[in-house]
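Working from the sequences, and respecting the hints, build out all of it.
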Amino acid sequence: MPHLRPLLILVLLAPAFAAQPESNRRMAERLRELTAAADPTKSPFDFSAREHQLRATLESADTAERMKHALPHANLLLHAGETEAAIARYEEFARYLKDNGITLDSGLATQLRTMLGLSYLRLGERENCLLNHNADSCLFPIQGGGIHQRERGSRGAIAHLLPQLEQFPGDLRARWLLNIAYMTLGEYPDKVPARWLIDPRYFESGYDIGRFPDVAGGLGLDIDDVAGGVVMEDFDRDGFLDLMVSAQGLKSQLRIFRNNGDGTFAEYTEEAGLTGLFGGLNLIHTDYNNDGYADVLVLRGGWLGSVGRYPVSLLRNNGDNTFTDVTEEAGLLRLQPTQTAVWFDYDNDGWLDLYLGAESEGDVAVPCALFRNNGNGTFTDVAKESGVAVVGYVKAVISADFNNDGRPDLYVSRRDGANHLFRNDGPAGAPAAGGRTAWKFTDVAREAGVTEPFRSFSAWFFDYDNDGWPDLFVNGYYIQDAGDIAADVLGLPHAAERARLYRNRGDGTFADVSREAGVYQLLHTMGCNFGDLDNDGWLDFYCGTGDPEFATLIPSRMFRNDGGRRFQDVTTSGGFGQLQKGHGIAFGDLDNDGDQDIYAVVGGAIVTDNYHNQLFANPGHGNRWLKLELQGVKSNRAAVGARVKVTVRTPAGERDLHRTVGTGGSFGSSPFRVELGLGDATEVVRAEIFWPVTGRRQLITNLEPDHAYRIREDAAAAEAVTLRTFDLSSAGEGGHHHHHSP
Amino acid sequence: MNASPSLRFVAALLAAGLTGGVVAQPALPPAAGNLEAYEQLGAAAGRSAGIADLSWTEAEFAAFVEGLRAAHERRAPALGEPGRRLLAEMQRRVAEVRAREKAEQDPKLADFLRGVAASAGLQKMTSGLLCRLIMPGAGPRPRPGDVIVANLNVNLPDGRTPVAALSGEGAELRVGEMPPGLNEAFQMLALGGRGVFVLPPHLTFGTGQWPEGVPPGTPLLVQIELKDIVPAAK
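Line by line, the protein sequences give chains A and B.
Reminder that position 83 of the first sequence reads as 83 in the working numbering, one-by-one numbering, no gaps.
Reminder that position 165 of the second sequence reads as 907 in the working numbering, one-by-one numbering, no gaps.
Just so you know, these hints were derived from the structure itself, not from any lab.
Since we're looking at a predicted model, the values are computed, not measured.
Even glycine gets a Cβ: it sits at the ideal position worked out from N, Cα and C.
It is possible that some hints are incorrect.
List of simulated lysine to aspartate or glutamate pairs, EDC-like, C-alpha gap at most 20 Å [to be verified]:
(1) A:440 - A:425
(2) B:866 - A:512
(3) B:866 - A:416
(4) B:866 - A:425
DEER-style ranges, computed between Cβ atoms [to be verified]:
(5) B:829 - A:416: 37 to 47 Å
(6) B:919 - A:68: 32 to 42 Å
(7) B:825 - A:562: 22 to 32 Å
(8) A:416 - B:854: 20 to 30 Å
(9) A:508 - B:902: 30 to 40 Å
(10) B:834 - A:429: 54 to 64 Å
(11) B:902 - A:416: 24 to 34 Å
(12) A:49 - B:827: 32 to 42 Å
(13) A:197 - B:806: 13 to 23 Å
(14) B:805 - A:54: 42 to 52 Å
Pulled a few chain B residues facing chain A out of the computed Cβ check, cut under 10 Å [to be verified]:
(15) 871
(16) 909
(17) 910
(18) 928
(19) 935
(20) 970
Written as structure tokens, this is what we have:
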């Protein structure tokens, strides 16, 4: 009885829909409507509609007209995911040129050969890295299981890139792609013509960190989707860190996975009430209502410009494994392209406020907002009176108390000019509307020496040298093409934006130490976060790299902090060199064995550039550790902004370690709990916690290495917490599942 | 002319040996056996050769150290063509950095360069060249010896007074034969790329002959576009 089927489906679905709060359904409906109303030919990342449009106009065209549009049409086909059709179109054009004795100028000849080479390379990627996916796939330098079984793609790429290099020996993009093509065939470096070889020693790690196996496949966490964000946090407070993962696709479902604590993860997206909540290039978590359960802010519309007018979603964690979309009732509903926000208690009232970045460009002019938390579930935008209503292409907003005056400050990274460091000057002037005094911020970026890079993206504050003063890392984000990467590796001139590491001098200014610290490099970073790979007490960082261009095949990069002096590239030794596009990154100890694992969202902006996310399991390094879960009482409950100084005894004497509670870098959200590596410590002497709201310095002395504790702001001692453990690296041995988002 | 880095290296070793006073003052404890002394010697040699200004990558540094080790073990290969070219490049780069440092001692010039970099969002290269790409190119890049076809628009520091002698459309120029700042600027561009550059005087005509109408020592504002590349014969 076929007519009964729809009814049956409705009955089956009823419990799921019944569990979903009305506001979630409203948000889902709003997102659906916005997507439906969007003109698909205007999206910078979706090429299908434009391809169909052009194909239709070419149907009745004569050969000359068809050939006039051959290159743009083939480009559209490639980006629409029709790789073989694109190759056929490029080749048809090449034959036509040959048959008619037509010679292209340097630019067009380059475009034809390079796009053909790239299309073949992409064919190889799709046939091997995706369809035959394994933990080595697309890991640079490609070896082992990453070597392509089906060779036609990379062979085709080499056949077109070599003639390009013969004509233009200085084409560094072609040279870079050629070396990658040989890698995928297992023929690098031996078979790469010597003239074009990039010496493999350039990719050797400065330190052997040990391989971090990608275990996402065996755990069902290797979500195959486009660019997105991640939150790693203990959403259900069972002692195990869980994962929430987004993707920016307008039909990409936000997903949540419970860590079962036994080496398995279970998705409960529907049970959590998240069905229909799409999109989200980035996620940042908080506890805005001080109930002890982590809430999440979903950031949408990033990079989409005038077609990116989407709402954010504030998802309140109800503490019962469900989330309620409270965006509207919280007063946060406004439409703008954004992918960055930071939660901080700027006015030290014990409630986490929100600074929301926006991407203004062309006909989009939306000021960044400073949403003061009113303490009753609602927020008020006070950006203008506080002096932080920046209108610009804002790509990262982060907070730290850089001058240690007890008031959290704000850094704003822009893609379109000098960055801002807003010093929090506290309450100023007469009370504003509502009877509350406005707080003032002053841009001191120039005096502090932290305006660069002028085309920047992700950023973070961290105390990389453990001196108690937050330092600043800002990523450059501008290249001409992948040739800049080769130029950077080979020490040739290029104008791409390099990263900056600013060391806090402790006097309100920063020193640019990028060069001496070994990070004045072209990192081209989007997603990023930091943590401690080897529990040596020095903070390391991971950069998810790339851009929407298919040709920008560059490895994500991991850097190990060598004693607070410099950073060593450990990309190759750790197995972190994902060639596909790297987005949201979170560090956290998923299996409670004392060391931090890393979740990385992988996949590009273009809708056909999906790829599998990764989970790098930490193999362990034998160092000591300490976990501290801080609980604010007068301060915000999650203790965001609280400063921790742990003093340990080591064979070489006493040593101080400094951390600040927060979610880490601007793109990706790490857990609130402080996971400290203690190196070779034999004893924890004391922990001092500075609580900004009260200005109180809490002294805790009952701590032991390799243990976890909960510390309440008003307690005299830490409470030991027993965490069950499991082995993440063996949990992931079950092979690779394929999870393509609906 | 500056001493080549290899000569500087030898000179530094000799200088350290002769001025250390170890031989002259036998009453002091011997430095041999004190590893800190070797580290100091290495540092002195590196500083003297301007190693920090060469922007070597870890791999390049490791290869250099490997060469030192080979010499120590009497198995060092002879200095071949690539090594000689590197030496020349190092020499040029160190000379540029020294010239930059000297130029930056002129407070008026240093202020101007700092101001223009901040207001126009320019990046500063190790050589002192300031740059900002305004249109990315793609693919081929010029190499030393290549002929390029380019548009150049050169102005005095006021940004409004053109320097006709240095400006032109479709100019054919050989990389390596232009003023150092332009050689560097063009090599940063890929085909079709356009950028704005500020060339401090040490990267243009330095103490040499300046074009007519351009006061010696003037920084130049340059906008260039790379239209085509004719690679040098193999």
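These are the hints, each one checked on the structure:
| no. | hint | verdict |
| --- | --- | --- |
| 1 | A:440 - A:425 | holds (5 Å) |
| 2 | B:866 - A:512 | holds (13 Å) |
| 3 | B:866 - A:416 | holds (17 Å) |
| 4 | B:866 - A:425 | violated (32 Å) |
| 5 | B:829 - A:416: 37 to 47 Å | holds (42 Å) |
| 6 | B:919 - A:68: 32 to 42 Å | holds (39 Å) |
| 7 | B:825 - A:562: 22 to 32 Å | holds (29 Å) |
| 8 | A:416 - B:854: 20 to 30 Å | holds (24 Å) |
| 9 | A:508 - B:902: 30 to 40 Å | holds (38 Å) |
| 10 | B:834 - A:429: 54 to 64 Å | holds (57 Å) |
| 11 | B:902 - A:416: 24 to 34 Å | holds (25 Å) |
| 12 | A:49 - B:827: 32 to 42 Å | violated (52 Å) |
| 13 | A:197 - B:806: 13 to 23 Å | holds (19 Å) |
| 14 | B:805 - A:54: 42 to 52 Å | holds (50 Å) |
| 15 | 871 | holds (9 Å) |
| 16 | 909 | violated (21 Å) |
| 17 | 910 | violated (20 Å) |
| 18 | 928 | holds (9 Å) |
| 19 | 935 | holds (6 Å) |
| 20 | 970 | holds (5 Å) |
When held up to the earlier numbered hints, the structure conflicts with 4, 12, 16, 17 and fits the remainder.
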